[in-house]
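K.L.:
Chains as they are written, first to last, in the numbering used here: chain E, 1296 to 1595; chain V, 1296 to 1595.
Just so you know, these hints were derived from the structure itself, not from any lab.
It cannot be assumed that every hint is accurate.
When chains are identical, the list treats them as one kind, so a pair holds in a single copy or across two.
As the list claims (entries may be wrong) - Okay, derived cross-link-like pairs now, DSS-like style, lysine-lysine, Cα gap no bigger than 25 Å in a straight line:
1. K1486 - K1336
2. K1573 - K1319
3. K1301 - K1488
4. K1440 - K1581
5. K1319 - K1511
6. K1588 - K1314
7. K1488 - K1511
8. K1314 - K1301
9. K1588 - K1572
10. K1581 - K1511
11. K1511 - K1588
12. K1428 - K1336
13. K1581 - K1336
14. K1313 - K1469
15. K1319 - K1590
16. K1336 - K1441
17. K1441 - K1573
18. K1488 - K1441
19. K1567 - K1588
20. K1301 - K1588
21. K1319 - K1440
22. K1559 - K1485
23. K1314 - K1488
Remember, predicted model here, so these are calculated numbers, not experimental data.
Number of protein chains: 2
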Amino acid sequence: MSNLRKIGEFGLIERMVKKIAVDKSVIQGIGDDTAVLPYTKESYLLFTTDMLIEGVHFSRQEATFTQIGRKALAVNISDIAAMGGVPKYAVVSLGLPRGLCLRAVDDIMRGINTLAQEYGLNIVGGDTVRSSKITLCITLLGQVKKTNLTLRSRAGLGDLIFVTGSLGGSRNLKQFNFFPRVAEAQQIIKKFKPSAMIDLSDGLASDLERIAQSSKVGAVIFEQLIPVSRGATLNQALFQGEDFELLFTVPLSSVRRLHKKSAKFTISCIGKVVERKKGLQLIDNKARIERLKQKGFRHF
Amino acid sequence: MSNLRKIGEFGLIERMVKKIAVDKSVIQGIGDDTAVLPYTKESYLLFTTDMLIEGVHFSRQEATFTQIGRKALAVNISDIAAMGGVPKYAVVSLGLPRGLCLRAVDDIMRGINTLAQEYGLNIVGGDTVRSSKITLCITLLGQVKKTNLTLRSRAGLGDLIFVTGSLGGSRNLKQFNFFPRVAEAQQIIKKFKPSAMIDLSDGLASDLERIAQSSKVGAVIFEQLIPVSRGATLNQALFQGEDFELLFTVPLSSVRRLHKKSAKFTISCIGKVVERKKGLQLIDNKARIERLKQKGFRHF
Chain E
1296 MSNLRKIGEF GLIERMVKKI AVDKSVIQGI GDDTAVLPYT KESYLLFTTD MLIEGVHFSR
1356 QEATFTQIGR KALAVNISDI AAMGGVPKYA VVSLGLPRGL CLRAVDDIMR GINTLAQEYG
1416 LNIVGGDTVR SSKITLCITL LGQVKKTNLT LRSRAGLGDL IFVTGSLGGS RNLKQFNFFP
1476 RVAEAQQIIK KFKPSAMIDL SDGLASDLER IAQSSKVGAV IFEQLIPVSR GATLNQALFQ
1536 GEDFELLFTV PLSSVRRLHK KSAKFTISCI GKVVERKKGL QLIDNKARIE RLKQKGFRHF
Chain V
1296 MSNLRKIGEF GLIERMVKKI AVDKSVIQGI GDDTAVLPYT KESYLLFTTD MLIEGVHFSR
1356 QEATFTQIGR KALAVNISDI AAMGGVPKYA VVSLGLPRGL CLRAVDDIMR GINTLAQEYG
1416 LNIVGGDTVR SSKITLCITL LGQVKKTNLT LRSRAGLGDL IFVTGSLGGS RNLKQFNFFP
1476 RVAEAQQIIK KFKPSAMIDL SDGLASDLER IAQSSKVGAV IFEQLIPVSR GATLNQALFQ
1536 GEDFELLFTV PLSSVRRLHK KSAKFTISCI GKVVERKKGL QLIDNKARIE RLKQKGFRHF
């Protein structure tokens, strides 16, 4: 009998989506960083959830309880940022082992609360249940001005491809301490109206494929242009994930608006959007063309 | 060192709430069946989450995968109903064992989707991760007319106490097949403006205490009036939980509006609201007064 290992996470999601019908009030359902729903006259409601489980996403050896709580919220904020929105309200479900000391629970909540305050969002509810593994499921509501909404599916032929910050090595260093790029996304949108945007959670190769697939395009990126983090390898930058930087595409007509010097954060142009049939290509430092494989973190 | 077992779930929630600050846009944060947030001119947004874990909330022996999926959504719909609202949008996070067969995943999703369609709500997003235990965390958005919002905290001295349906024995029979009381709640609100309402998830004694504590009142209920399910005991009706009926209070002035005969479902008056210092009392069939103990399901 077929099991999850065979079809993987992408296959699983595709399988589930086929069977789900939504009504026409839904502006964007499954298939982007967040769902997009009606809200006010000038804005949409963003709705997103992420589950983190001990032994899969983190271990007590590699992170403090405060970092674990912080990260569970940060990954959700990052999804809101990638849509062009700001986070507003969160509910927190915690699965906790019976024998866990109260201090650990306090630390998890401190990690969540501190970040919530830094990003101006409210914790408004949740659930606490017993669980053999520490399990955090945070669901976040955000708000985005209609004119700022940036989906994955609008990258156009010839658009240039950009990333913020540097990539790779985050599984050791940055994954528990990154700052979701909310303010950066706002500046990017204001300065050069990106056609598509996503946050880098599963690795550049995987997340670029998500934009490519949604937008029905291909992409060429250049090894020489990829901002690899100090101490990291190209492979880590391409496949390791957990960078939580922004990957976005910009129509050529808007690129002239780019004021690199005026941005308070690093933006790198790494390639351009091409036809779908070309797939994802990496041009290495010797000008050889490689096909970019998908080998990010596999859940199943 | 102190651990969760010592303070229990109620103690844990109290501990966490103390440390959480929310801004004034939040109409109701932690402490009711759902959070209540600004939405349209005439309605509020309801926001609630529940986590169900294999081995804690269900086992593969006692329920089919379809029932497990169905229940994970149903408990959330029940919370929306208890606020006087209707369910609108859901996101679904699934933790799944790597070796789980695809048919099981399809069945879980069928349970969720079928109920979603019956209640007219949209599944708009989610997350799928690896987990040793099947873990479902569903978060639901609902909508409530401002005039229909029914909190836990407004029960008044002298109000009568009602429940829908019958109680007890649900851990064997009803817990996987109950229908959340959305339409019933709408009728109850229309017919006699309840002062407070909650859904019965943890047992009559526990959930009555939640209303009592939030409203700063006590309650007297009468053994003779409690609608015990056929085959169930009084103790099961009081302490077992998983009934997902509605418990609500009605000011005397509104009780006359009650048209028992016109309701298409059973409503029973079981007691009345008294002063806080009296606590929760049960008058048994021999007119003896018992103090109602809290002994619902303990997570920790």
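K.L.:
Against the structure, test the hints numbered earlier, and report the numbers of the ones violated in rising order.
P.N.:
Going through the list in order, the structure violates hints 2, 3, 4, 6, 10, 12, 13, 14, 15, 17 and 23 and respects the others.
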